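*Asks:* Protein chains in written order, with the working numbering: chain B, 1 to 298; chain D, 1001 to 1285.
It is worth saying that the hints were derived from the structure and are not from the lab. Be a bit skeptical, because a hint or two may be false.
[What the hints assert, rightly or not] Simulated crosslink set (EDC-like; lysine to aspartate or glutamate; CA at most 16 Å straight-line):
#1 D:Lys1152 to D:Asp1201
#2 B:Lys227 to D:Asp1135
#3 D:Lys1149 to B:Glu118
#4 B:Lys51 to B:Asp9
#5 D:Lys1152 to D:Glu1070
#6 B:Lys152 to D:Asp1088
#7 D:Lys1235 to D:Glu1268
#8 B:Lys251 to D:Asp1135
#9 B:Lys227 to D:Glu1133
#10 D:Lys1186 to D:Glu1214
#11 D:Lys1190 to D:Glu1066
#12 D:Lys1168 to D:Glu1182
#13 D:Lys1155 to D:Asp1201
#14 B:Lys19 to B:Asp70
#15 D:Lys1250 to B:Glu140
#16 D:Lys1147 to B:Glu118
#17 B:Lys227 to B:Glu118
#18 B:Lys274 to B:Asp240
#19 D:Lys1186 to D:Glu1006
#20 B:Lys19 to D:Glu1070
#21 B:Lys227 to B:Glu248
In this text the structure is predicted, and so the values were computed from the model without any measurement.
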Amino acid sequence: MTKTTMPWDEQHFNVNGLKMHTKMWGPEDGQPVIALHGWLDNAASFDLLAKQLPDLRICAVDLIGHGRSDHRPGWGHYYFNEYVFDILELASCLGWTRFNLMGHSMGAHISVMTAGIEPQLINKLMLLEGFGAPSMVSPETLPILMQTSFRKTVGLRQKSPPLYPSLDAAVQARINGFFKIDPPAARLLCERGTQPLGEGLMFSTDPRLRFISSSAAGHEEFCAFVKAIEAPSCLILAEDGVPRDEVELQKRISLHRNLRVEHLPGGHHLHMEKQAPDVARIIADFFATTWQSLETIK
Amino acid sequence: MKESQEQVIQANGLNFALKLWQSTDGVPTLALHGWLDNAGSFDAIAPLLDTPLFCAVDLAGHGLSEHRPEGSHYYITDYAADALAIADALQWREFNLIGHSLGANIALVMAGIFPERIKKLVLIEGFGPHSREADAAVSQLRSAFAKMKTYKPKKQPVYPDWATMVEKRMQGSTPVNRQAAEILCKRGVKAVSGGWSWRSDPRLRYPSPLRLTEAEVRALIANISAPTCLILGDKGLPLEFMKVESRREKLVNLHIATLRGGHHLHLEEGAEHVAATINTFLVTK
Chain B
1 MTKTTMPWDE
11 QHFNVNGLKM
21 HTKMWGPEDG
31 QPVIALHGWL
41 DNAASFDLLA
51 KQLPDLRICA
61 VDLIGHGRSD
71 HRPGWGHYYF
81 NEYVFDILEL
91 ASCLGWTRFN
101 LMGHSMGAHI
111 SVMTAGIEPQ
121 LINKLMLLEG
131 FGAPSMVSPE
141 TLPILMQTSF
151 RKTVGLRQKS
161 PPLYPSLDAA
171 VQARINGFFK
181 IDPPAARLLC
191 ERGTQPLGEG
201 LMFSTDPRLR
211 FISSSAAGHE
221 EFCAFVKAIE
231 APSCLILAED
241 GVPRDEVELQ
251 KRISLHRNLR
261 VEHLPGGHHL
271 HMEKQAPDVA
281 RIIADFFATT
291 WQSLETIK
Chain D
1001 MKESQEQVIQ
1011 ANGLNFALKL
1021 WQSTDGVPTL
1031 ALHGWLDNAG
1041 SFDAIAPLLD
1051 TPLFCAVDLA
1061 GHGLSEHRPE
1071 GSHYYITDYA
1081 ADALAIADAL
1091 QWREFNLIGH
1101 SLGANIALVM
1111 AGIFPERIKK
1121 LVLIEGFGPH
1131 SREADAAVSQ
1141 LRSAFAKMKT
1151 YKPKKQPVYP
1161 DWATMVEKRM
1171 QGSTPVNRQA
1181 AEILCKRGVK
1191 AVSGGWSWRS
1201 DPRLRYPSPL
1211 RLTEAEVRAL
1221 IANISAPTCL
1231 ILGDKGLPLE
1241 FMKVESRREK
1251 LVNLHIATLR
1261 GGHHLHLEEG
1271 AEHVAATINT
1281 FLVTK
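Start from the sequences and build out the full structure, keeping to the hints where you can.
*Replies:* Spelled out as structure tokens, the structure:
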């Protein structure tokens, strides 16, 4: 298929020895944005937004283990910091020395960490329904969390992944998934996030991702990353999004030097559902204000 | 149990080389060596131990075991998962666990995650993973990333001959005597063009991207139920470095033995005393 029929380019890059797939949207000279989807989602998470933000050069990635990208080799965990390394490596493959970051849910968590360790790379930071992983643990619960995670790894080796007879069946499973989602949004994610297996389909996400991660940073560590962020940031929260610890959330917000918080009606995937145009308007407005080049900040 | 046997086992997605000393049936013992060492670390004490089955593991990236795949890092939690997978592969439900240095830190994590599987825990010159305060998470990750970017796998040091290699190991960050260095080099070096090089994964020398916080380490220690014996060399690592004083209060059943020797006391002149201490500890109810 050519560019005239597809509004995006499918491109892949070698990051840290693994193949990472991306959907590249918009004009090559548009403001560069790297977009990171949430846990078990994929690059299609940004399809609706990208269409409504035609001036931006959006690189929507399939995070490692998700969508069409490679899975991590071996049986190790999916550590958040490795996603951060992947994104920094991707930026260097793209030749982007300064860009905006946009993240949804787990992608927002990874965006915060990335902006925290390499603040000079990030112009602006857009966070959708995420300001720290929901699986955050207190130190006391760590041993039991790790035990569960180790046990599940063992169990997984003896189990084959669920098989769906059709795309419709996979979509139905996704609609009823952990985070409820509208049927059209579920379809977008499933079209990209499934692969044929025998007579049916399976989700292409790495089954290891389904374990409770033993690597989710604690609240205090997340705060350390928030404090290190220099990029002006915007956080969009959905009124019916994931349940939040308001006390923790307020503490994180107070630690950020330059954060605007917007509340919108909708669920956890509001950027893929009927509120997408409202989300897009906020993003367009947020990114439209001054682009700070590397030179101006030095 | 005098002679050891070699075995390769697949666990947690990697091939691991093991050294086994077997005599009779009974509660087996798993042994984990220190950073940049290998299963040879236990050559001096293994024949002296009254344990029916003793298995010393080459940790991932060390000795004759496989290295982690490209793009991977060496996390303490993955070492623990590996060691548990090895115990599963050996079909060991309950076992004793002995660790030296990094191996002791891994052993402590394992005993904190699966307390019911560890009968007795022996820690030599190590008392849990290095921790850091939450605020240091950013600089830790930053320096790991900086190091990663400069990684050149083909540019490893090459030493002209065996004797130079042994000398180099003797003067390593934790100095050892000639005999110990020879044992460690036997399993830890490989022939390359122009001489000899280390077999261990160069990435082991890089800063870890991730560390547990002290509160997390303490939570793991508090979860340990196995009687524990901590063996220290009087010329070993500083006690403050291992946080012995602040962490010991979390362990209900802890015996501390300070013996003469350095960080590798179990592989040098102190081996007999270390073995005797472990033997006494293993039979104590």
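*Asks:* State for each hint whether it applies.
*Replies:* Hints, one by one, checked against the model:
1. D:Lys1152 to D:Asp1201: At roughly 12 Å apart (the allowed maximum being 16 Å), Asp1201 (chain D) and Lys1152 (chain D) satisfy the hint.
2. B:Lys227 to D:Asp1135: With a Cα-Cα distance of about 9 Å, the restraint between Lys227 (chain B) and Asp1135 (chain D) holds, given a limit of 16 Å.
3. D:Lys1149 to B:Glu118: holds (13 Å)
4. B:Lys51 to B:Asp9: holds (13 Å)
5. D:Lys1152 to D:Glu1070: Judged against 16 Å, a Cα distance of about 12 Å means the pair holds.
6. B:Lys152 to D:Asp1088: The hint holds at about 14 Å.
7. D:Lys1235 to D:Glu1268: holds (12 Å)
8. B:Lys251 to D:Asp1135: Given pair Lys251 (chain B), Asp1135 (chain D) holds - Cα atoms ~15 Å apart, limit 16 Å.
9. B:Lys227 to D:Glu1133: Holds: Lys227 (chain B) and Glu1133 (chain D) sit about 15 Å apart, inside 16 Å.
10. D:Lys1186 to D:Glu1214: Not OK: Lys1186 (chain D) and Glu1214 (chain D) at ~36 Å, beyond 16 Å, violated.
11. D:Lys1190 to D:Glu1066: Holds - the C-alpha atoms of Glu1066 (chain D) and Lys1190 (chain D) are around 14 Å apart, at most 16 Å.
12. D:Lys1168 to D:Glu1182: Holds. Lys1168 (chain D) to Glu1182 (chain D) sits at ~11 Å (cutoff 16 Å).
13. D:Lys1155 to D:Asp1201: Roughly 12 Å separates the two Cα atoms, so the pair holds.
14. B:Lys19 to B:Asp70: holds (5 Å)
15. D:Lys1250 to B:Glu140: Within the cut-off at roughly 13 Å; holds.
16. D:Lys1147 to B:Glu118: holds (14 Å)
17. B:Lys227 to B:Glu118: holds (13 Å)
18. B:Lys274 to B:Asp240: Holds, because 14 Å separates the two Cα atoms, which is no more than 16 Å.
19. D:Lys1186 to D:Glu1006: Holds - the C-alpha atoms of Glu1006 (chain D) and Lys1186 (chain D) are around 14 Å apart, at most 16 Å.
20. B:Lys19 to D:Glu1070: holds (12 Å)
21. B:Lys227 to B:Glu248: Given pair Lys227 (chain B), Glu248 (chain B) holds - Cα atoms ~14 Å apart, limit 16 Å.
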